[in-house]
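2 protein chains.
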Amino acid sequence: MKYKIAIIGTGNVAWHLAPALEEAGHTITEVYGRSTKKISDITQKLYTAEEKLDLDFSDSDAEIFILAVNDDAIFEISDQIILPENSILVHTSGSVSVEALGYSSASFTGIFYPLQSFSKDRNLSFEEVPFLLESEDQETLQKLKKLAKSLSHLQYVVKSKDRKALHVAAVFASNFSNHMIRLAEEIMRRQGLDFEMLKPLIIETISKSLELGAKRAQTGPAIREDLNTLEAHHQFLNYNEQIAEIYRLISQDIIDSV
Amino acid sequence: MKYKIAIIGTGNVAWHLAPALEEAGHTITEVYGRSTKKISDITQKLYTAEEKLDLDFSDSDAEIFILAVNDDAIFEISDQIILPENSILVHTSGSVSVEALGYSSASFTGIFYPLQSFSKDRNLSFEEVPFLLESEDQETLQKLKKLAKSLSHLQYVVKSKDRKALHVAAVFASNFSNHMIRLAEEIMRRQGLDFEMLKPLIIETISKSLELGAKRAQTGPAIREDLNTLEAHHQFLNYNEQIAEIYRLISQDIIDSV
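Going down the list, the sequences are from chains P and A.
When we follow this note's numbering, the leftmost residue of the first sequence carries the number 62, and every step to the right adds one.
When we follow this note's numbering, the leftmost residue of the second sequence carries the number 62, and every step to the right adds one.
Be careful, since some hints might not be right.
Note that the list lumps identical chains together, so a pair holds whenever it fits in one copy or between two copies.
Taking lysine-lysine and the DSS-like style, the derived pairs with C-alpha atoms no more than 27 Å apart in a straight line are [to be verified]: (1) K222 <-> K260; (2) K276 <-> K181; (3) K260 <-> K206; (4) K181 <-> K222; (5) K276 <-> K225; (6) K210 <-> K220; (7) K99 <-> K222; (8) K98 <-> K220; (9) K260 <-> K225; (10) K207 <-> K260; (11) K65 <-> K207.
Just so you know, the hints here were simulated from the structure itself, not pulled from any lab data.
Computed from a prediction, not measured in an experiment: that's the story for all the values here.
Whenever a hint applies, use it, and build me the whole structure from the sequences.
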């Protein structure tokens with residue numbers, strides 16, 4: 062089943078999603094954004110999409126409207142957008158409930174959330190991206206499943222409440238683990254050491270964590286309750302009170318979690 | 062150049078290192094430990110090594126003695142060990158200085174630190190393990206370089222002071238990033254959600270972090286200063302004060318690091 066789809070938004074998700082949908086055989090009818098430059102950056106990668114600067118889609122051929130914008134903009138745009146009869150409006154956010162689309166002119170609403178970290182300057186294959194789907198309307202949910210299936214082999218139906226919990230977990234697993242690597246980078250740079258040395262350790266740590274589970278995979282001074290080393294490390298970090306406190310708190314949580 | 066080597070210790074590092082040294086063509090003369098069971102677990106994987114329960118190595122054929130024990134035991138054992146003439150004593154710790162071996166009967170001392178996270182129940186190839194080496198004696202340092210080169214293509218000469226800083230960085234990059242995944246696992250389990258959903262995100266996050274650098278790779282509510290989402294997540298975590306505080310502190314540090 063191929064769909065006609067309008068993309069509302071020009072951020073990282075729209076940037077990756079629009080060409081992927083076209084490659085999967087769907088038609089992108091329009092790309093909406095506030096900046097003509099950003100719109101054309103995306104439409105240049107597409108065959109047929111019309112560039113659109115207003116939110117009146119009453120004459121659109123699209124059946125599915127994908128709202129790929131910042132969380133705050135979801136409310137604003139879904140309130141203003143004018144949609145044709147029998148249209149489906151979905152958003153791509155991990156943390157906003159489906160009710161946020163309830164005041165729109167859409168006949169049906171839902172969630173089409175690709176659980177991945179998107180950056181413009183990095184290619185990404187959708188095949189391994191889990192799509193988290195939701196809709197109160199069963200027919201809409203089936204369409205979203207087909208749409209997700211055309212991009213990826215991972216689809217899950219997840220309710221808004223669970224999706225919000227999952228988003229908190231994703232922040233720990235992704236943003237916070239990345240920040241731990243950032244702090245390691247800073248310590249190495251400050252000491253004039255080559256960060257490359259740490260890369261094999263990071264790769265092995267994460268592989269092990271995903272294979273054995275993070276509890277069994279844990280090593281290091283905190284899990285050994287090596288208090289001398291913990292104290293020495295805390296002392297070492299006294300040039301930055303906040304980072305020293307992060308060290309102390311996470312170490313304590315590792316000790317407590319045994 | 063092939064060496065005769067004695068292994069002092071029966072932990073995770075000894076478990077992996079002893080067979081790897083033998084495979085690289087060196088001879089393991091003895092394995093020392095306090096538990097006969099743990100010694101024989103290792104010697105069973107070796108051809109010729111003698112099982113040793115005392116620290117008198119005065120008759121040993123070994124030239125290099127590798128102390129692969131807990132940080133605290135380094136001082137104790139290096140003080141008690143009796144070594145033959147012209148022997149080299151090294152330890153494998155990231156956080157203990159070379160001076161800790163200064164009171165031993167060794168003619169030469171040094172560091173032979175494999176920068177990796179070792180678990181017994183996981184195979185590991187040494188080829189990609191960076192070896193951090195140190196010795197005040199140039200001839201000893203050359204021997205340690207040759208020994209490391211026989212196992213891995215990554216060798217670095219790093220002074221004790223820098224190695225200690227690197228060990229702090231390694232705790233952030235490895236133990237703490239693993240704990241962030243642990244906390245994500247707990248949130249998912251608590252909500253009855255399948256942790257598998259998060260794995261593609263974690264793999265992409267770490268790949269991106271190592272390729273672009275963690276600063277450029279950062280995404281999520283903190284870097285966007287999406288205060289509504291940060292507040293909602295903090296509220297969600299109020300069932301555990303310590304984890305809520307970890308969330309708050311790391312988010313603040315991400316905001317501050319822009």
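Tested hints:
Only between protomers do K222 and K260 lie at most 27 Å apart by alpha-carbon distance; the minimum there is 20 Å, versus 37 Å within a single protomer. Proximity of K276 to K181 under the C-alpha cut-off of 27 Å is restricted to the inter-copy arrangement: shortest distance 15 Å between copies versus 34 Å within a copy. Taking the shortest alpha-carbon separations for K260 and K206, only the inter-copy value of 20 Å comes in at or below 27 Å, while the best intra-copy value is 38 Å. In this homomeric assembly, K181 and K222 never come within 27 Å of each other (Cα to Cα): the closest approach is 29 Å inside a single copy and 40 Å across copies.
For the identical chains of this complex, K276 and K225 are neighbours both inside a copy (24 Å) and across copies (25 Å), given an alpha-carbon limit of 27 Å. Proximity of K210 and K220 under a CA criterion of 27 Å is satisfied intra-copy only: 19 Å inside one chain copy versus 54 Å between copies. For the homomeric pair K99 and K222, neither the shortest alpha-carbon distance inside one copy (33 Å) nor that between copies (49 Å) is at most 27 Å. For the identical chains of this complex, K98 and K220 are neighbours neither inside a copy (36 Å) nor across copies (52 Å), given an alpha-carbon limit of 27 Å.
For the homomeric pair K260 and K225, the shortest alpha-carbon distance between copies (17 Å) is at most 27 Å, but the shortest distance inside one copy (32 Å) is not. In this assembly of identical chains, the alpha carbons of K207 and K260 lie at most 27 Å apart only when taken from different copies (22 Å versus 39 Å within one copy). Taking the shortest alpha-carbon separations for K65 and K207, only the intra-copy value of 13 Å comes in at or below 27 Å, while the best inter-copy value is 64 Å.
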